[in-house]
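Asker: Chain by chain, the residues run as shown.
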Amino acid sequence: MVDTKVVLSGTELANPIIPASGTFGFGYEFAEIYDINILGTFSTKGTTKEPRFGNPTPRIAECEAGMLNSVGLQNPGVDKVISEELPKLSKCFHKKVMANVSGFSVEDYAYSCEKLDKEPQVGWLEVNVSCPNVHNGGMSFGTSPQSAAEVVRAVKQVTKKPVFMKLTPNVTDIVSIAKACEDAGADGISLINTLLGMRIDLKTKRPVLANKMGGFSGPAVFPVALRMVYQVYEAVKIPIIGMGGVMSAENVIEMMLAGATAVQVGAANLVEPLTCKQIIEALPGEMERLGIEKLSDIIGGAH
Amino acid sequence: MVDTKVVLSGTELANPIIPASGTFGFGYEFAEIYDINILGTFSTKGTTKEPRFGNPTPRIAECEAGMLNSVGLQNPGVDKVISEELPKLSKCFHKKVMANVSGFSVEDYAYSCEKLDKEPQVGWLEVNVSCPNVHNGGMSFGTSPQSAAEVVRAVKQVTKKPVFMKLTPNVTDIVSIAKACEDAGADGISLINTLLGMRIDLKTKRPVLANKMGGFSGPAVFPVALRMVYQVYEAVKIPIIGMGGVMSAENVIEMMLAGATAVQVGAANLVEPLTCKQIIEALPGEMERLGIEKLSDIIGGAH
Amino acid sequence: MKQEIFEVAGKRNLTDTVFEMLLYGDTSAITAPGQFINIKLNNFFLRRPISVCDCDENGLTIIYKVVGGGTAALANMVPGDEADCLTGLGNGYTLEESGARPLLVGGGVGVPPLFGLCKQLVAQGKQPTVILGFNTKAEIFYENEFRALGAKILVTTADGSYGMKGFVTNAMGGLDYTYCYTCGPEPMLKAVYSAAETGGQFSFEERMGCGFGACMGCSCETKYGAKRICKDGPVLRKEEIVW
Amino acid sequence: MKQEIFEVAGKRNLTDTVFEMLLYGDTSAITAPGQFINIKLNNFFLRRPISVCDCDENGLTIIYKVVGGGTAALANMVPGDEADCLTGLGNGYTLEESGARPLLVGGGVGVPPLFGLCKQLVAQGKQPTVILGFNTKAEIFYENEFRALGAKILVTTADGSYGMKGFVTNAMGGLDYTYCYTCGPEPMLKAVYSAAETGGQFSFEERMGCGFGACMGCSCETKYGAKRICKDGPVLRKEEIVW
Ligand SMILES: Cc1cc2nc3c(=O)[nH]c(=O)nc-3n(C[C@H](O)[C@H](O)[C@H](O)COP(=O)(O)OP(=O)(O)OC[C@H]3O[C@@H](n4cnc5c(N)ncnc54)[C@H](O)[C@@H]3O)c2cc1C
Ligand SMILES: Cc1cc2nc3c(=O)[nH]c(=O)nc-3n(C[C@H](O)[C@H](O)[C@H](O)COP(=O)(O)OP(=O)(O)OC[C@H]3O[C@@H](n4cnc5c(N)ncnc54)[C@H](O)[C@@H]3O)c2cc1C
Ligand SMILES: Cc1cc2nc3c(=O)[nH]c(=O)nc-3n(C[C@H](O)[C@H](O)[C@H](O)COP(=O)(O)O)c2cc1C
Ligand SMILES: Cc1cc2nc3c(=O)[nH]c(=O)nc-3n(C[C@H](O)[C@H](O)[C@H](O)COP(=O)(O)O)c2cc1C
Ligand code: FES
Ligand code: FES
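Chains as they are written, first to last, in this note's numbering: chain A, 1 to 303; chain B, 1001 to 1303; chain C, 2001 to 2243; chain D, 3001 to 3243.
This is chain A alone, in the form it adopts within the complex (with noise of 0.2 Å):
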């Protein structure tokens, strides 16, 4: 029997597989076709301090091996999904889940990272400073090593859970930007979230999201989160979740040989609901013809 498990920030996962942020909700629309207590944990939809309504639609644009996603962080606001979606959420998922949490501000984060600290459902924070399709004035706080450690720091004050600072890869040097997370106490890095990326209809000759611009993921991306991976595995000590474009356990294995801890499946949940349990299920076979006994030992295996 090959042993799947992984240990990310002290807590034991049955298996690496987590669905990421924004493509799971709240878990209730999967619950409905598999026991989702089969996978190592998932990452919630994100969270602001406030209620946001989100982007205007079209919100989704079809390519080659992905799609784009103008969503822009529609979610209740932090205190409707303690007050209501983790209660809800206890009924059909009784592990401890990742809470994925944006901001807008340095406080913002503080504010929503400090309610949830005290959630006990909540294992790991993991904290977007990347979301490319919010417009808040600027560059988001992951194109920069000083904001995002700024982030880090604000958070890490409120909060004696494990934090993951979810970075973009829409940048020149993911490396420093890491680095100054890891520097600035972050518990973890997750990497990457979407490309920036654009489609245009040919019809009407305008971009087909009503925002113009969205994130890109996909399997389309794999190649370009595999490399962040194993760069960022090169530079820092604290653990890393990859994801980008997973769609099988092949597809997890590499990524966990490129060096991360755990693995986030993400657009895959939405054309083939059933993507993680699949790979939970394929991920033994796959380690047995490979000859892995131990998932944990090829955690950075290719370097």
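Everything labelled a hint here was simulated from the structure, so no lab data went into it.
Note that the structure is a prediction, hence the values are computed from the model and not measured.
Take these hints with a grain of salt, some might be off.
Stated by the list, open to error - Only pairs whose alpha carbons sit at most 20 Å apart, straight line, appear in this in silico EDC-like list of lysine to aspartate or glutamate:
{"no.": "1", "chain 1": "B", "residue 1": "K1205", "chain 2": "A", "residue 2": "D3"}
{"no.": "2", "chain 1": "B", "residue 1": "K1118", "chain 2": "B", "residue 2": "E1085"}
{"no.": "3", "chain 1": "A", "residue 1": "K277", "chain 2": "A", "residue 2": "E288"}
{"no.": "4", "chain 1": "C", "residue 1": "K2002", "chain 2": "A", "residue 2": "E272"}
{"no.": "5", "chain 1": "D", "residue 1": "K3040", "chain 2": "D", "residue 2": "D3026"}
{"no.": "6", "chain 1": "A", "residue 1": "K205", "chain 2": "B", "residue 2": "E1288"}
{"no.": "7", "chain 1": "B", "residue 1": "K1277", "chain 2": "D", "residue 2": "E3004"}
{"no.": "8", "chain 1": "A", "residue 1": "K205", "chain 2": "B", "residue 2": "E1234"}
{"no.": "9", "chain 1": "C", "residue 1": "K2238", "chain 2": "C", "residue 2": "D2176"}
{"no.": "10", "chain 1": "B", "residue 1": "K1205", "chain 2": "A", "residue 2": "E288"}
{"no.": "11", "chain 1": "B", "residue 1": "K1203", "chain 2": "A", "residue 2": "E293"}
{"no.": "12", "chain 1": "D", "residue 1": "K3126", "chain 2": "D", "residue 2": "E3143"}
{"no.": "13", "chain 1": "B", "residue 1": "K1049", "chain 2": "B", "residue 2": "D1108"}
{"no.": "14", "chain 1": "B", "residue 1": "K1203", "chain 2": "A", "residue 2": "E250"}
{"no.": "15", "chain 1": "D", "residue 1": "K3040", "chain 2": "D", "residue 2": "E3206"}
{"no.": "16", "chain 1": "C", "residue 1": "K2065", "chain 2": "C", "residue 2": "D2016"}
{"no.": "17", "chain 1": "A", "residue 1": "K49", "chain 2": "A", "residue 2": "E114"}
{"no.": "18", "chain 1": "A", "residue 1": "K205", "chain 2": "B", "residue 2": "D1297"}
{"no.": "19", "chain 1": "A", "residue 1": "K80", "chain 2": "C", "residue 2": "E2221"}
Following the hints, complete the assembly by docking chains B, C and D with the ligands onto the known chain A.
Answerer: Frame of chain A, contents of chains B, C and D with the ligands only:
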């Protein structure tokens, strides 16, 4: 009869289709299977001051909807390109060609451009400040506005031919780099070179490429390329040559709507050697279907 | 929601660009007319949402118009081919409010979901009137199928080449109806909204990521807050719609 | 080079994981044994290079081992399926230097291109000796096909389960030959290079972008400068090889 002509820095092209540097060699292989004079023009293999063997093999890895390459600018050096390749080329291609130039110092660029400036066959210089495969002891010129502008100034001093700066997409802010090139006197911008990517072989548990990382291109990168062309079009007045994942006449039209005056086709040539011919043949029909009479009218039409 | 493999059991042209396709497979997740399925097609990343036109325990019928690559691929499928579908998506229409004489208004490829609805209304002893709106005679489909259900049918064409000239709303004037069900392009929905003198249910379209409520790709604002077209819709009630 | 659509006309298992496939279509671009074709497969971006094993004016034979997704897809093709191939790729072997008693050494899936070569050598009245090296008995293929050509055949298996125990080079000692043609995994090529007492031609493999000389993806250094395995190779002469 629809009109597919475009004008690139004063020279009329029969159509906007240009095979991209590094994917068309010096044209001979393709001249075996079709008359390459139907092309708008083509961009030659990247040329450097000294001859280069390039990187060790494996240099190629497959990806979903694309490929990685780490060829590493294999070329016979600018002197041999001028003494051997261009004369051979003149037998099968009777239009002006776009000479693609790389370098590892500002002087390298100036040296090669000065030599190529004297060649009447060369219609445009395409200066690649972006190749992510070659480690010249630091980041590539294309990752900072200052160093990109420095290359522009050096090259413009030694040539009267129009200079297109070919930029890397692996940057936080493509617009500032394109603008710096324009301000320094560039005549146009070529977008995009390859995204930095990686694959790991599950059997050997090592990177597929001998060079570990390589340049990612093919249909997977199209939404990123299109977005950058769109962004740069809003910021500069000089013409843009769009590329990255173009496979079809529809893709060409989408690139032009985003702001491209001409469109390069790269990886597609490698897997479908007749791609450019097929696109040129399909363009008029596609234009009619979409009610486009004059192709040059749609440049930037999505803004 | 269920994920099921269906078999293409039949396909025919209804017009130049509109096809009717019969799919055999497990329909147990489908609970109401107006729901839709989300079909996986080779070489396309996202699934394609298509309304269920009619359905029984052996399979279902869809009607689709070729407008792009995905629907073209669907039109190229032949009997025996397999199609991976998510079924039982969306809320669908509810019949309770219909009253004795419901009005059904469909435009173009908005017509299909009304067929299953009409069938169920007739089965409940209601007397539906159906207005079918098309651009021109050549685009008309399913007129006879609706007639065969025993409903009263009015056809409008924008160019007057068949039936009443004009829009569906031109046919609404003077009709006596108890409730209004509609599906069609957004401008038509808006016009019906203004013209309707009763309550009603309106079926919307939006570009979708998942089609089952997970991604927030298809949200719209309503008087009762944000709703997902794919999960809380595609059918919205007249009183909640914000244009 | 030509781009042609071939039809799968037959397929059979030679071992558990090795298949022989017959493809009908235009072979006019194929000019020498040892050349290869580059096959487009659904859902894979790059083509897959496979040596031509045998060929006549109606079609060609390939032999391939399933090692990954692309070769698995190839193994799933059935008679009647179409395959888009670039043909006439690579330089291939030249026969002029063979002398009267050429030696052909093949290892594993390096065996196929030697079959076409052997056939042509026999047709020219040469007396080839063929060494076929495999890991174990269950992996052996084409022994009888080579015998039927009238060549002298020696089989080696690494585990001694059939023929001579050991590597192909164990079978080379004491043989009397005028020239040496070989194809197989790189360690085997190296061993044959050291063992061969005559000139020879060695066929190499490399990961390829295009397969027809355009991308410089497959370059190797030789004593006469950089060469592209796909265009200037896959066959290199002994005297130019740099290990
Ligand atoms: C709930 C619902 C029910 C539908 N029912 C039917 C039906 O019964 N018959 C029918 O012919 N059509 C129906 N449609 C529209 C149908 O989904 C689109 O025509 C189809 O997705 C177009 O795909 P394509 O690849 O041919 O077009 P493309 O334009 O190439 O598609 C590109 C992308 O845009 C999306 N898209 C394009 N048009 C639409 C649209 N109108 N609505 C939603 N997404 C779109 C596609 O799904 C795809 O992701 C329905 C749409 C929805 C949302
Ligand atoms: C000139 C030439 C002739 C060949 N002739 C034969 C033959 O007759 N029979 C046979 O079984 N095999 C042959 N091969 C090897 C064959 O090309 C590979 O086994 C095949 O490409 C593997 O594809 P895959 O998708 O199954 O494997 P994967 O490992 O999934 O392929 C991933 C990528 O790596 C490339 N790749 C993997 N292995 C090789 C390899 N050994 N050589 C080159 N590229 C590789 C693939 O083409 C693809 O681009 C030949 C290779 C070359 C270069
Ligand atoms: C529809 C959609 C919504 C997303 N919303 C969020 C979000 O709220 N917060 C966040 O950190 N990432 C969000 N993401 C990014 C994903 O979590 C993930 O980082 C990215 O999609 C790459 O993974 P993938 O290629 O597997 O989709 C979203 C992605 C998609 C497709
Ligand atoms: C094999 C290969 C070699 C390349 N060599 C060069 C080069 O020498 N100089 C250059 O400017 N770009 C080079 N490129 C980049 C392409 O010109 C192009 O910018 C990129 O591939 C994106 O286009 P595509 O997606 O259509 O391939 C190369 C690309 C490939 C695939
Ligand atoms: S399409 Fe995903 S929530 Fe509606
Ligand atoms: S594979 Fe492209 S040159 Fe050989």
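Asker: Go through the numbered hints given earlier and state which of them the structure violates, listing their numbers in rising order.
Answerer: none
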